Amino acid sequence: MEPINKHTSIVTPLDRVNVDTDQIIPKQFLKRIERTGFGQFLFYGWRFNEDGSKNESFVLNNPLYEGSSILLANDNFGCGSSREHAPWALLDYGFKVVIAPSFADIFYNNCVKNGILPIRLEEREIEQLFRASKGHKYQISVDLKEQFIQRQDEKKVAFDIDPYWKEMLLNGWDEIALTFQYEKQITEYEKQQA
Amino acid sequence: MPKTIIEKVWNDHIVYEEPGKPDLLYIDLHLLHEVTSPQAFEGLRLNNRKVRRPDLSFATMDHNVPTKNRTNITDPVSKKQIKTLAQNCQEFGVPLAHMEHPDQGIVHVIGPELGLTQPGKTIVCGDSHTSTHGAFGALAFGIGTSEVEHVLSTQTLWQSKPKTMEVKIVGDLGFGVAAKDVILAIISKFGVDIGTGHVVEYTGEAIKKLSMEERMTICNMSIEAGARAGLISPDQKTVEYLKGRAHVPDGEAFDELADKWLSYATDEGAQYDQTLEIHTSEIEPFVTWGTNPSMGSGISSHIPYAGDFSNQSEQEELLQALTYMDLKEGTPLSSIEIQHVFIGSCTNSRLSDLREAAQLIKGKSVHPNVTAIVVPGSFSVKLQAEKEGLNRIFEEAGFEWRESGCSMCLAMNDDIVPPGERCASTSNRNFEGRQGAGSRTHLVSPVMAAAAAIEGHFVDVRNMLSVHA
Ligand code: SF4
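Top line first, the protein sequences correspond to chains A and B. Numbered as in the working numbering, the first sequence ends at 194 without a single skipped number. Numbered as in the working numbering, the second sequence ends at 1469 without a single skipped number.
Since the hints were made in silico from the structure, they are not lab data. This one's a predicted model, so the numbers in the text were calculated from it and none came from an experiment. A portion of the hints provided could be inaccurate.
With a cut-off of at most 20 Å between alpha-carbon atoms, the simulated DMTMM-like pairs for lysine to aspartate or glutamate come out as follows [to be verified]:
id : chain 1 : residue 1 : chain 2 : residue 2
1  : B       : Lys1163   : A       : Asp162
2  : B       : Lys1079   : A       : Glu34
3  : A       : Lys166    : B       : Glu1018
4  : A       : Lys166    : B       : Asp1023
5  : A       : Lys184    : B       : Glu1017
6  : B       : Lys1163   : A       : Asp160
7  : A       : Lys191    : B       : Glu1017
8  : B       : Lys1021   : A       : Glu167
9  : B       : Lys1021   : A       : Glu183
10 : B       : Lys1008   : A       : Glu190
11 : A       : Lys184    : B       : Glu1018
12 : B       : Lys1021   : A       : Glu175
13 : B       : Lys1208   : B       : Asp1267
14 : B       : Lys1364   : B       : Glu1455
15 : B       : Lys1260   : A       : Glu190
16 : B       : Lys1021   : A       : Asp174
17 : A       : Lys166    : B       : Glu1017
18 : A       : Lys96     : A       : Asp15
19 : B       : Lys1050   : A       : Glu190
20 : A       : Lys184    : B       : Asp1023
21 : B       : Lys1080   : A       : Glu34
22 : B       : Lys1050   : A       : Glu175
23 : B       : Lys1079   : B       : Glu1042
24 : B       : Lys1161   : A       : Glu167
25 : A       : Lys184    : B       : Asp1012
26 : B       : Lys1161   : A       : Glu175
27 : B       : Lys1050   : A       : Glu183
28 : B       : Lys1050   : A       : Glu34
29 : B       : Lys1050   : A       : Asp174
Model the full assembly from the supplied sequences, consistent with the hints where possible.
Following this line, the structure appears as structure tokens:
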């Protein structure tokens, strides 16, 4: 997994609450047995019309946001199924950071484990970001190490993140390799239970 | 100090803890299926790792198996996924209930059936409805594919201690009210994210009176309230259900185990971080009308008006949902016509669900505008139902009787609801496109689905039941 620390991009505003993983990656695209190649199916039902043409009114198809790697979302983002295909699709499409007032638990974990930084911000901050980025190119910078985002108007907004997840993201660590350092404890536990 | 079952199970499984870090938890049972596991096995292979405890792992094929003709998988990609699981299980020594195996079924139906699911265990699966197993007093939660790989190679997971939440159901359930209605009412009252960051324990007299099957229906949909896990303290019913199951010991060993199981029940006076209450008088047979499981109401009421909500984003959410569902504000639920009925899924495809639905439709016929299917949750449910002649009741009424699997719950196989059509479904998710692109899902209990199949629109099942009684 790729480390992430400082990251700058314009923001793509996706202003819907309770966006579920069925929307992020519809289930007809879950049949691949690889981790890559899911970006083309991201938000499929919203990005494309029934005849397969682009739905021009959907925010991801707005040329304003081309090349953006920061997604601004709303409450309870990523609810529903546990499919990791959702963060894989976001990542494959090019999103490295997702900002929302709240995330579904499993989705949050799945992001971190794939090197996507999920940032929780207060409702008020989110509203301001939506206002600034809807219909405009609005750039922000994220600093994971110092735990803040810097808006285009220079204002800094701090965010919280679990120190363990932060380490993992900053270093791009493979969690399994880390856990192998506790092999002794695991074996010990198994002996006690036997 | 008195403890909740959540704390007891958690504490029993800590392999390593350190301040400022999540706990390293031991996993007692890892269930696998074909959709969320291929990339995990691939990861093992790439890193030259093996499965640490194949004996604590169990795999089945459920999400995209055909329910009509088992040997005929038309979609080459589904076929590949199914073949890949079989190869992976063989290569890594993981037990597998393949498509023709007598133990095959929806992963959350077979775990309890085989007695793999037991009180006090930590259970994970790459599927969010793993919460189902909580009905037995197990701490059971869904994980992503990276976590599947982590459990395969280490049999552990790093987890931050969840907050605890009690959802207390006060009073006795009314006539004709099913377990499904209870959980839909809870989600509708408290919202789809109330459980975020929490593990929920369902308590109250009404819960104690429920059968194990009904408890599973409730725990199943904990994730729809945002909680990764939902559980119920084990009692004598739990012990009785598990006695004699394939993976449960018998004789003295069983009695010992049963004592241990019961000791996990929440202690008198234990404290939760939060407690919510719902009174059974608020719960009647439920129908969802929107695009998330909280958008539902009692059958005797109507779709809300935007004006009923004070907050603008809620108003927008309602209107967006109604546009997708092609419904109007204020429409009485009983006037909504449906074209499909699906009885199945890990929420409601167990023997008791099929028995109740069959009893209601016996001697009646499916409305001419409706296509109705029954998909048993497992091979063994199917077999038992056939022994009891339930399949004949369904078929005589005009239902299709299928092989077990997830089927129309997520429509990854050929069982889909066509665009623009409506389905009364006993599954757990009514998201946009869940049952097929453009499909419109209404979540209901098995008896409500059966009643709708006959009438062609939603009806208050209590009226039909009273005629029968
Ligand atoms: S029945 Fe539906 S909810 Fe249950 S495991 Fe299968 S797809 Fe998931």
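Comparing the hints with the structure gives:
no., hint, in the structure
1, B:Lys1163 <-> A:Asp162, "holds, 15 Å"
2, B:Lys1079 <-> A:Glu34, "holds, 15 Å"
3, A:Lys166 <-> B:Glu1018, "holds, 16 Å"
4, A:Lys166 <-> B:Asp1023, "holds, 16 Å"
5, A:Lys184 <-> B:Glu1017, "holds, 14 Å"
6, B:Lys1163 <-> A:Asp160, "holds, 18 Å"
7, A:Lys191 <-> B:Glu1017, "holds, 18 Å"
8, B:Lys1021 <-> A:Glu167, "holds, 11 Å"
9, B:Lys1021 <-> A:Glu183, "holds, 17 Å"
10, B:Lys1008 <-> A:Glu190, "holds, 18 Å"
11, A:Lys184 <-> B:Glu1018, "holds, 16 Å"
12, B:Lys1021 <-> A:Glu175, "holds, 13 Å"
13, B:Lys1208 <-> B:Asp1267, "holds, 15 Å"
14, B:Lys1364 <-> B:Glu1455, "holds, 10 Å"
15, B:Lys1260 <-> A:Glu190, "holds, 18 Å"
16, B:Lys1021 <-> A:Asp174, "holds, 16 Å"
17, A:Lys166 <-> B:Glu1017, "holds, 18 Å"
18, A:Lys96 <-> A:Asp15, "holds, 18 Å"
19, B:Lys1050 <-> A:Glu190, "holds, 17 Å"
20, A:Lys184 <-> B:Asp1023, "holds, 16 Å"
21, B:Lys1080 <-> A:Glu34, "holds, 12 Å"
22, B:Lys1050 <-> A:Glu175, "holds, 16 Å"
23, B:Lys1079 <-> B:Glu1042, "holds, 17 Å"
24, B:Lys1161 <-> A:Glu167, "holds, 19 Å"
25, A:Lys184 <-> B:Asp1012, "holds, 18 Å"
26, B:Lys1161 <-> A:Glu175, "holds, 18 Å"
27, B:Lys1050 <-> A:Glu183, "holds, 14 Å"
28, B:Lys1050 <-> A:Glu34, "holds, 19 Å"
29, B:Lys1050 <-> A:Asp174, "holds, 16 Å"
The structure shown violates none of the earlier numbered hints.
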